[in-house]
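The listed protein sequences derive, respectively, from chains A and B.
Residues in the first sequence are numbered from 251 upward in steps of one, following the working numbering.
Residues in the second sequence are numbered from 251 upward in steps of one, following the working numbering.
Do not take every clue at face value.
Identical chains share a label here; the pair holds if one copy fits it or two copies do between them.
[Said to hold, decoys possible] Cross-link-like lysine to any residue pairs, in silico, SDA-like; alpha carbons within 25 Å at most:
| hint | residue 1 | residue 2 |
| --- | --- | --- |
| 1 | K595 | D570 |
| 2 | K489 | D690 |
| 3 | K505 | A322 |
| 4 | K595 | G512 |
| 5 | K595 | A485 |
| 6 | K489 | S592 |
Treat the hints as calculated values from the structure; they're not laboratory data.
Spelled out from the first residue to the last, the chains are:
Protein chains: 2
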Amino acid sequence: MAAGDSVLLTDLYQLTMLQAYHRQNMADTAVFELFVRRLPPNRGFLLAAGLEQVLEYLENLQFTAAELDWLAASGRFSRDFIDYLATLRFAGEVHALPEGTVFFPNEPLLRITAPLPQAQLVESRLINLIHFETLIASKAARCVLAAPGKLLVDFGLRRAHGAEAGLLAARAAWLAGFAGTATVLAGMRFGIPIFGTMAHSLVQAHDREEDAFEHFAYAQPDNVVLLIDTYDTEAAAHKVVRLAPRLRARGIAIKGVRLDSGDIAELSRNVRRILDEGGLQTVTIFCSGDLDEFRLAELAAVQAPIDGYGIGTRLDISTDAPSLDCVYKLQEYAGVPRRKRSQHKATWPGRKQVYRQLAEDGALAGDWLCLEAHPHPGEPLLQPVMRAGHRLTEAESLDLVRERVHRQLAALPAALRANRTEPYPVVIAPELQALAAELDRLEH
Amino acid sequence: MAAGDSVLLTDLYQLTMLQAYHRQNMADTAVFELFVRRLPPNRGFLLAAGLEQVLEYLENLQFTAAELDWLAASGRFSRDFIDYLATLRFAGEVHALPEGTVFFPNEPLLRITAPLPQAQLVESRLINLIHFETLIASKAARCVLAAPGKLLVDFGLRRAHGAEAGLLAARAAWLAGFAGTATVLAGMRFGIPIFGTMAHSLVQAHDREEDAFEHFAYAQPDNVVLLIDTYDTEAAAHKVVRLAPRLRARGIAIKGVRLDSGDIAELSRNVRRILDEGGLQTVTIFCSGDLDEFRLAELAAVQAPIDGYGIGTRLDISTDAPSLDCVYKLQEYAGVPRRKRSQHKATWPGRKQVYRQLAEDGALAGDWLCLEAHPHPGEPLLQPVMRAGHRLTEAESLDLVRERVHRQLAALPAALRANRTEPYPVVIAPELQALAAELDRLEH
Numbered sequence: 251m252a253a254g255d256s257v258l259l260t261d262l263y264q265l266t267m268l269q270a271y272h273r274q275n276m277a278d279t280a281v282f283e284l285f286v287r288r289l290p291p292n293r294g295f296l297l298a299a300g301l302e303q304v305l306e307y308l309e310n311l312q313f314t315a316a317e318l319d320w321l322a323a324s325g326r327f328s329r330d331f332i333d334y335l336a337t338l339r340f341a342g343e344v345h346a347l348p349e350g351t352v353f354f355p356n357e358p359l360l361r362i363t364a365p366l367p368q369a370q371l372v373e374s375r376l377i378n379l380i381h382f383e384t385l386i387a388s389k390a391a392r393c394v395l396a397a398p399g400k401l402l403v404d405f406g407l408r409r410a411h412g413a414e415a416g417l418l419a420a421r422a423a424w425l426a427g428f429a430g431t432a433t434v435l436a437g438m439r440f441g442i443p444i445f446g447t448m449a450h451s452l453v454q455a456h457d458r459e460e461d462a463f464e465h466f467a468y469a470q471p472d473n474v475v476l477l478i479d480t481y482d483t484e485a486a487a488h489k490v491v492r493l494a495p496r497l498r499a500r501g502i503a504i505k506g507v508r509l510d511s512g513d514i515a516e517l518s519r520n521v522r523r524i525l526d527e528g529g530l531q532t533v534t535i536f537c538s539g540d541l542d543e544f545r546l547a548e549l550a551a552v553q554a555p556i557d558g559y560g561i562g563t564r565l566d567i568s569t570d571a572p573s574l575d576c577v578y579k580l581q582e583y584a585g586v587p588r589r590k591r592s593q594h595k596a597t598w599p600g601r602k603q604v605y606r607q608l609a610e611d612g613a614l615a616g617d618w619l620c621l622e623a624h625p626h627p628g629e630p631l632l633q634p635v636m637r638a639g640h641r642l643t644e645a646e647s648l649d650l651v652r653e654r655v656h657r658q659l660a661a662l663p664a665a666l667r668a669n670r671t672e673p674y675p676v677v678i679a680p681e682l683q684a685l686a687a688e689l690d691r692l693e694h
Numbered sequence: 251m252a253a254g255d256s257v258l259l260t261d262l263y264q265l266t267m268l269q270a271y272h273r274q275n276m277a278d279t280a281v282f283e284l285f286v287r288r289l290p291p292n293r294g295f296l297l298a299a300g301l302e303q304v305l306e307y308l309e310n311l312q313f314t315a316a317e318l319d320w321l322a323a324s325g326r327f328s329r330d331f332i333d334y335l336a337t338l339r340f341a342g343e344v345h346a347l348p349e350g351t352v353f354f355p356n357e358p359l360l361r362i363t364a365p366l367p368q369a370q371l372v373e374s375r376l377i378n379l380i381h382f383e384t385l386i387a388s389k390a391a392r393c394v395l396a397a398p399g400k401l402l403v404d405f406g407l408r409r410a411h412g413a414e415a416g417l418l419a420a421r422a423a424w425l426a427g428f429a430g431t432a433t434v435l436a437g438m439r440f441g442i443p444i445f446g447t448m449a450h451s452l453v454q455a456h457d458r459e460e461d462a463f464e465h466f467a468y469a470q471p472d473n474v475v476l477l478i479d480t481y482d483t484e485a486a487a488h489k490v491v492r493l494a495p496r497l498r499a500r501g502i503a504i505k506g507v508r509l510d511s512g513d514i515a516e517l518s519r520n521v522r523r524i525l526d527e528g529g530l531q532t533v534t535i536f537c538s539g540d541l542d543e544f545r546l547a548e549l550a551a552v553q554a555p556i557d558g559y560g561i562g563t564r565l566d567i568s569t570d571a572p573s574l575d576c577v578y579k580l581q582e583y584a585g586v587p588r589r590k591r592s593q594h595k596a597t598w599p600g601r602k603q604v605y606r607q608l609a610e611d612g613a614l615a616g617d618w619l620c621l622e623a624h625p626h627p628g629e630p631l632l633q634p635v636m637r638a639g640h641r642l643t644e645a646e647s648l649d650l651v652r653e654r655v656h657r658q659l660a661a662l663p664a665a666l667r668a669n670r671t672e673p674y675p676v677v678i679a680p681e682l683q684a685l686a687a688e689l690d691r692l693e694h
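Throw the hints in and build the complete structure from the sequences for me.
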C-alpha cells in the first residue's frame, strides 16, 4: 500500500485525541479551516492546488485490519476504541477553493465540517497534500509569469523530496501553466504531456560526441533534441551543423539543442549564431540548470534567444521558500465559534467565506473575509465539493483548472506578479472582528 | 501501486536513451557513481542514508503490463524496444557507503556497475531516494549535535513534501539519533518509537481548558503531556498544578507540558518555576514551533530548562538548505574511464574508492579519493552490497546504523560540527588527477 493511502500516515496525537474524544462522547459537529497564515518573502499570491488528492483520500479513508492489529498491539489504545476505529469513515462536508484559484493569507482554501473525530483525524494528511501542491503550483505560476511565451517543462523529479513529491510537483506545475514534465509516471497517471532529451551519460558512453548525436537521432527521429554541453558547447554546436545534412538525407530534422551549464545568456547567443549561420534557423534552444523565476526574468531582460526551459530542483522544492505557514484550525465546535489565542498564532473564529471583488476590467480588486452567516457582495470563493463523504461532482479536468489559472493570473494586479511591492487587500469583515473580540473576553 | 514502486517514476530521457542504446546494442558494463558536488552553506559534513530503499527498488524493478501498454500506446517507442523493456531487470552490482556514514563532497556514496541500460534507467529514482534521506539525516545529525542529552522528536509530517517525504524523514531522523517521530506509519513500517501529545483543537473543543487537560489524562493515563499555550501559557501552567493532585488521587501522573508559541526561553523558565513551586519537579517541559539546530543551539546557550523538542518543518524540509547538489555520473563504460567536462560540473573519472584516515584518538583525520585500482592506506568506505541484482546480506538493522552514526559523530572534528569553520581534507589521489588530465587531452 502506498504510504499516502494509509490512515496511519498521521501524527500520533490525532489518535490519542480521538481516544479522548471517544471516551468523552465528543462527536458533535466540528468546523476546521485550512489556511496560510502569512506569505513567504517574494510571494504576492498563492495558487490553490491538491484538492483532488484530498477528496480521493477522504473517500477512501479507513483502517485496514493489519493497521488495527498493530495499533492494538502497541498497548496505547483500548479494545473498545480500536473497534470504533474499525468503523470510522469520513462522512462529512467539504468546501474548497477550486484548484487553480489565486488566494491570500487568512483565506480558508478548505473547510471541513464533520463529527469532531473525523475532522480531527484527517488533519496531518490534508495539510501534507494541500501544502505541497499549493507550494509548487504557486512557484510554477511565478515561472509562467516570468517567461511569457516560453516552453516550460518540469525537470525536478530527481531532487524532489521523495516519490510523491516528484509526481505531484509535475501535476502542480502543469495546472499552473507549464507545458509538461519529464516525469513519465505523471504522463500515465494524469495525462500530462511528457518531454525528454538525453543526458550527458549518452554522450560520454560514446567515444565521439557526434556519434552520440547521430545514434540518438536514429533512435528518436521525431524528437531530436541534442545536449551539447558535455565537453565544449560551441564546438558541439558546430558538430550539430555538420550532422544536420546527413540526417536530413534520411528524412530526420533536428528539433533542438539543450544547454545545461555555463553562462547560458552568452552561450545561447553564440549557439544561435552558429546554428543560424549553418542554416538551422528552425532548431530551437532549450536550457536547464539551476533555473527559477528570478533567473528566467534575468534571461528575459537580456533577451537571451532561448525557446524553452527545463526547471528542476528550484521548482520541485520551491527552494527560495520551501514551505508555507499552512495550518488547519478548529473554528467551531457544537455550534460555538472557537478561537486559538496563542502569541502570533491567533485565528479568526467561526465558519467563513471569502468574497472577491473585481474591477471593471476584471482585475482582482480585493477580498472580504466574512462569517458565512454575514455575506458580502462579490464572488464567494469557497464552493461545496463533498457532502456526507461523497463528492458532489466528478473530478475536475486539469484542462479546466489550467484555464482558470490562466484567467486568474491575467487578472492579477501588477504589484503581486513578480516580487510583491504591496499586499493585496483582504478586509476582515466587522462582524468577524466583533466575534473574535467577544471570544477573547471569555474565560477558558 | 505506490508511485515510488513504478519504474515509470523516472525521467522520459532515460527511456529515450535506452531506446538509443538498444538500437546500437550498447550494453557493455557501465559504472555510475552517485555523489554530492559541494556542501550547502553551513554544512560541514553529510550523513549517508537511503541505501535500504535503493536496494528494495533495484530488487523489484520491472515494468508492469499496464506500463508497457501505456508506453506502446504513446507512439514513442518501437515494439521491439517495448518487448525488450518487458524483460528488463536490474542484475548489476552495487557498492555503497553503509547508511549512517559521514561523507564529504566528491566522495561516491553509491556505485552502480551494470549493463549500460540497467545502470542508466535507475538514475532518477536512485537520486530521488538517496538525495532526500541524506539531506534529512544530515540535518537531523546537526540537531542532535546542537542539543546533547535532549529528547528530539520528528514532528514534520504535515509540511513534508508529500507522503513518502514524511515517512522517510522519520526514518532519516531516527537513524541520525532522534528519539522518535510523531508519524504513526513510521512506527509500523520501521519500528521507530512514536511520540504524541495533543493539538490546540482538543483544548478549543472544550469550553474550559482544565476540562480538556483532565479528559485527555483519563484517556491517556500513561502519557499525559499537556499542551499549555492555547490561550495563556502561564495561566495554563497554574491549572496543571491545580489539576495534579486530582489526577494523582486516581493514580495518574502528569508526564510533561508542551509549549508551542511565544518566547520559549523565557516561558520555559517561568513555567519551570510554576511547576516546581507546585511540587511538579518531575514534570518535563517539551517545546515545538519553528525549531532547527540554530534555535536549539541558542536555547542551549541560555540554558533554557527544556527537556525535549519536537522539530517539524525545518527538519523535514531542511529549510536552510532544502536540496543537495547530488548527481549520478557515468565514470566508465566498456572498460574505458569517462569524464564530463561541462563548466563547473566536471567529474572525476573511473571507478573509485574512498579511504578514511583516523587520528590516534579515533577522530576523522582526512580522506583520500582514489581509483579503485590504486588503493591507499586507511579504511575503504565503499562496501559491496549487491551482486547480480541480489543483496549480499540482509537489510541492516536501524539500531546498528544508529550506533554507527553515534560513533562517527563523536569522531567528527570540531571544525565541522556546527557551522563549518574549515573544510575537511579530501585528497584527490595523484593517479586520479593524472587520469583526468589524460582524458582532457582526448578529442571527443
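Any of the earlier hints contradicted here, and which numbers? Structure breaks no hint.
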